[in-house]
Amino acid sequence: MLCEILQVITRESLLVAQREDLRRVMEMLNLSEQHARTLLIYHRWDVEKVFAVFVEKGKDKLFGEAGVTAKSCKIKHAPAAMTCEVCMEDIPKHKATTMDCGHCFCNNCWTEHFVVKINEGKSRRITCMAYKCTAICDEAIVRNLVSARDPDLAERFERFLLESYIEDNQRVKWCPSVPHCGNAIRVEDEKLCEVECTCGVQFCFSCSSEAHSPCSCLMWELWVKKCRDESETVNWITVNTKSCPKCYKSVEKNGGCNLVSCICGQSFCWLCGGATGREHTWTSIAGHSCGRFKEDQEKQAERAKRDLNRYMHYHNRYKAHTDSFKLESKLKETIESQILMLEGKESELKDFSWLTNGLNRLFRSRRVLSYSYPFAFYMFGEDLFGDEMTPVEREMKQNLFEDQQQQLEENVEKLSKALEEKYDGLEDDNLKQSRMQLINLSVITDRLCKSMYECIENDLLGSLKLATHNIAAYKSKGVERASELLVRATKGNNSISCLQTSSSISATGGTVEVGRSSSSSLNFENGCPSRKRSKREAFGNVLFDLNLPAEVIDKS
Amino acid sequence: MQINTDDAILSIHLLVVPHLQASRARLFKEYKEVQREKVADPDIQLVCDDTNIFKWTALIKGPSETPYEGGIFQLAFAVPEQYPLQPPQVRFLTKIFHPNVHFKTGEICLDILKTAWSPAWTLQSVCRAIIALMAHPEADSPLNCDSGNLLRSGDLRGYQSMARMYTKLAAMPKKG
Ligand SMILES: [Zn+2]
Ligand SMILES: [Zn+2]
Ligand SMILES: [Zn+2]
Ligand SMILES: [Zn+2]
Ligand SMILES: [Zn+2]
Ligand SMILES: [Zn+2]
Ligand SMILES: [Zn+2]
Numbered sequence: 001m002l003c004e005i006l007q008v009i010t011r012e013s014l015l016v017a018q019r020e021d022l023r024r025v026m027e028m029l030n031l032s033e034q035h036a037r038t039l040l041i042y043h044r045w046d047v048e049k050v051f052a053v054f055v056e057k058g059k060d061k062l063f064g065e066a067g068v069t070a071k072s073c074k075i076k077h078a079p080a081a082m083t084c085e086v087c088m089e090d091i092p093k094h095k096a097t098t099m100d101c102g103h104c105f106c107n108n109c110w111t112e113h114f115v116v117k118i119n120e121g122k123s124r125r126i127t128c129m130a131y132k133c134t135a136i137c138d139e140a141i142v143r144n145l146v147s148a149r150d151p152d153l154a155e156r157f158e159r160f161l162l163e164s165y166i167e168d169n170q171r172v173k174w175c176p177s178v179p180h181c182g183n184a185i186r187v188e189d190e191k192l193c194e195v196e197c198t199c200g201v202q203f204c205f206s207c208s209s210e211a212h213s214p215c216s217c218l219m220w221e222l223w224v225k226k227c228r229d230e231s232e233t234v235n236w237i238t239v240n241t242k243s244c245p246k247c248y249k250s251v252e253k254n255g256g257c258n259l260v261s262c263i264c265g266q267s268f269c270w271l272c273g274g275a276t277g278r279e280h281t282w283t284s285i286a287g288h289s290c291g292r293f294k295e296d297q298e299k300q301a302e303r304a305k306r307d308l309n310r311y312m313h314y315h316n317r318y319k320a321h322t323d324s325f326k327l328e329s330k331l332k333e334t335i336e337s338q339i340l341m342l343e344g345k346e347s348e349l350k351d352f353s354w355l356t357n358g359l360n361r362l363f364r365s366r367r368v369l370s371y372s373y374p375f376a377f378y379m380f381g382e383d384l385f386g387d388e389m390t391p392v393e394r395e396m397k398q399n400l401f402e403d404q405q406q407q408l409e410e411n412v413e414k415l416s417k418a419l420e421e422k423y424d425g426l427e428d429d430n431l432k433q434s435r436m437q438l439i440n441l442s443v444i445t446d447r448l449c450k451s452m453y454e455c456i457e458n459d460l461l462g463s464l465k466l467a468t469h470n471i472a473a474y475k476s477k478g479v480e481r482a483s484e485l486l487v488r489a490t491k492g493n494n495s496i497s498c499l500q501t502s503s504s505i506s507a508t509g510g511t512v513e514v515g516r517s518s519s520s521s522l523n524f525e526n527g528c529p530s531r532k533r534s535k536r537e538a539f540g541n542v543l544f545d546l547n548l549p550a551e552v553i554d555k556s
Numbered sequence: 001m002q003i004n005t006d007d008a009i010l011s012i013h014l015l016v017v018p019h020l021q022a023s024r025a026r027l028f029k030e031y032k033e034v035q036r037e038k039v040a041d042p043d044i045q046l047v048c049d050d051t052n053i054f055k056w057t058a059l060i061k062g063p064s065e066t067p068y069e070g071g072i073f074q075l076a077f078a079v080p081e082q083y084p085l086q087p088p089q090v091r092f093l094t095k096i097f098h099p100n101v102h103f104k105t106g107e108i109c110l111d112i113l114k115t116a117w118s119p120a121w122t123l124q125s126v127c128r129a130i131i132a133l134m135a136h137p138e139a140d141s142p143l144n145c146d147s148g149n150l151l152r153s154g155d156l157r158g159y160q161s162m163a164r165m166y167t168k169l170a171a172m173p174k175k176g
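Chains as they are written, first to last, in this note's numbering: chain A, 1 to 556; chain B, 1 to 176.
If you are wondering where the hints come from, they were derived from the structure by calculation, not from laboratory data.
Please note that the accuracy of each hint is not assured.
[Claimed, not checked] Computed cross-link-like contacts, DSBU-like style, restricted to lysine-lysine with a CA-CA straight-line distance of at most 35 Å:
{"#": "1", "chain 1": "A", "residue 1": "Lys-93", "chain 2": "B", "residue 2": "Lys-61"}
{"#": "2", "chain 1": "B", "residue 1": "Lys-61", "chain 2": "A", "residue 2": "Lys-132"}
{"#": "3", "chain 1": "B", "residue 1": "Lys-61", "chain 2": "A", "residue 2": "Lys-95"}
{"#": "4", "chain 1": "B", "residue 1": "Lys-114", "chain 2": "A", "residue 2": "Lys-132"}
{"#": "5", "chain 1": "A", "residue 1": "Lys-330", "chain 2": "A", "residue 2": "Lys-226"}
{"#": "6", "chain 1": "A", "residue 1": "Lys-326", "chain 2": "A", "residue 2": "Lys-450"}
[Stated by the list, open to error] Which residues of chain A face chain B? A few of them, derived with a C-beta cut under 7 Å, are:
{"#": "7", "residue": "Cys-87"}
{"#": "8", "residue": "Met-88"}
{"#": "9", "residue": "Met-129"}
A virtual CB, placed ideally from N, CA and C, is assigned to each residue, including glycine.
The shape of chain A in the complex, shown without the other chains:
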């Protein structure tokens, strides 16, 4: 199976990554950079999609949909003065601007319009002011007019355009780390996967929350909400307690008839909560006529109770495994120091990677195990797939799954126990035996994880007719790690010559400093979605100013 190519886009490589896509579209369709950008923003930075639309629907359709207007030659020779339709002033020609679509307004009104749109966060698609005109305004005109009025805002405009590569790109996602590490991840093909950023955070690429397979994104979202909501406890209280009509303390009912008494001495009817006398039978309370007794109500209470118990069952196990995971994280240090000790000892065994491998196997399978509980909660519950299975089917499938889950659970615990052994105190023979045992356990757990995923994908989720739930595939090696997108700047050449992935990052090229220096800091206060980060980033010895348009960097 092919691995996805995962790349981390750092602040440094963002510009380069974006320019690569821009260049492909510019070259292929013979377009200016801004028109290429408009097309790519419209198609969420999917270069192949742009080409596909071009081939299937033709140039006019491609441009029209996205709001690209190729410069038309039919711009009438404007008279020396015109009346701007927005401010209704008479404007000399040199103070008005005509967009590619042919619409002309005064520079003041254009500027106002741009300022409003940028402040609204719509920098990426500022359309013309004319009625029903969907043409996207010329980037260069926006840049010039806005920077004349407000250079800070013009910088924000550039930043928005640049970050569009991340925000509007279906193959790129910000790393969800808090505080933010500044990175974004780009995947090559598979959008349903789990990734690890270079900052160490692992997340689900499709929903940006923590890696959660074998739960589907929807299951995970529901589960997180359920765990956070206190409604479950609230439910319990309404099912099991009622407040006394006299002193308002809550009174619990533990079986028996519907007359309950509070410690204050007050008796009341459990069904309606009304105060009563003490004289009663199973079906009635003397002097109390209460129309609220319905079998229904009892059934509802029963059901709520059953649901709650079910949730508690799964939650407890989920929680237990997450807790174990946290405890076991501490094992890492112990194992590492043991390896150091062992390496220092006179022994036949030289390589102790089996210990680290075993530990990593434990981490991975423990994760799978803990997330398998919320999965089971939804898979065999009624919230999501109530109509998908008959009770008999459900029971069969649940048995099948729980069998596998139990086997995995047993072996994970064995593995955990095995890793607590004091390996550095063992003689060679015992050490070899323990090594075999650990390797065996690792292999078994890996195989069990794999077959549990197979069962989920084929027998459980795969057999659904109505709903589609997809999960990130199981990877023996663990969550895929992203590597840095390497930027190589070539001196003297106009374009950045190549993009490479590499696990190590090294800067080549001479000392090229591009961009102007500016001491003003950016203002993000007006609801700007951009992440805070310093404006100018050093990359090796090459400096890029993220806020400058690509041409400026080219020119230097």
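Using the hints, position chain B with the ligands against chain A.
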């Protein structure tokens, strides 16, 4: 609470001052234009509030050959500070039975007042668009579900007689 003066100044500079000026200037232009056009468009009478240039009212004539014929309908305009970059809010003050007008609030569902707004529209042209909407209701995006349903279900006569009735009740000068 501490107020960061730098931010306050910046936001005033960015948002409030230029637009307030621009919108005032533009509304003043429209005011002058309206004075001139009064003769030209007898169906629309736009009046600016004496004390607040951001508040306008309009009297429009119900278009002929519609159930609104003969009625005079009053509209209220609330113009935002960012006008004309943002659309004015308009509602009917006169009760009207129309699928695209909220029966209780008088709110109007019209694309140019929302997503399709262009700064090149004026209060006057908005009035014209509303008159056009009165003549050609859009049953598919109704704010008034009853009249929308009547229209959609093809009960044109039911719709017309209701609309006619309300025009008589609310939009015609009482005789006597
Ligand atoms: Zn103007
Ligand atoms: Zn235009
Ligand atoms: Zn990160
Ligand atoms: Zn997800
Ligand atoms: Zn009590
Ligand atoms: Zn009893
Ligand atoms: Zn009762």
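Each hint, compared with the structure:
{"no.": "1", "hint": "A:Lys-93 / B:Lys-61", "in the structure": "39 Å, violated"}
{"no.": "2", "hint": "B:Lys-61 / A:Lys-132", "in the structure": "27 Å, holds"}
{"no.": "3", "hint": "B:Lys-61 / A:Lys-95", "in the structure": "40 Å, violated"}
{"no.": "4", "hint": "B:Lys-114 / A:Lys-132", "in the structure": "12 Å, holds"}
{"no.": "5", "hint": "A:Lys-330 / A:Lys-226", "in the structure": "29 Å, holds"}
{"no.": "6", "hint": "A:Lys-326 / A:Lys-450", "in the structure": "23 Å, holds"}
{"no.": "7", "hint": "Cys-87", "in the structure": "5 Å, holds"}
{"no.": "8", "hint": "Met-88", "in the structure": "4 Å, holds"}
{"no.": "9", "hint": "Met-129", "in the structure": "5 Å, holds"}
Of the numbered hints given earlier, the model fails hints 1 and 3; all others are met.
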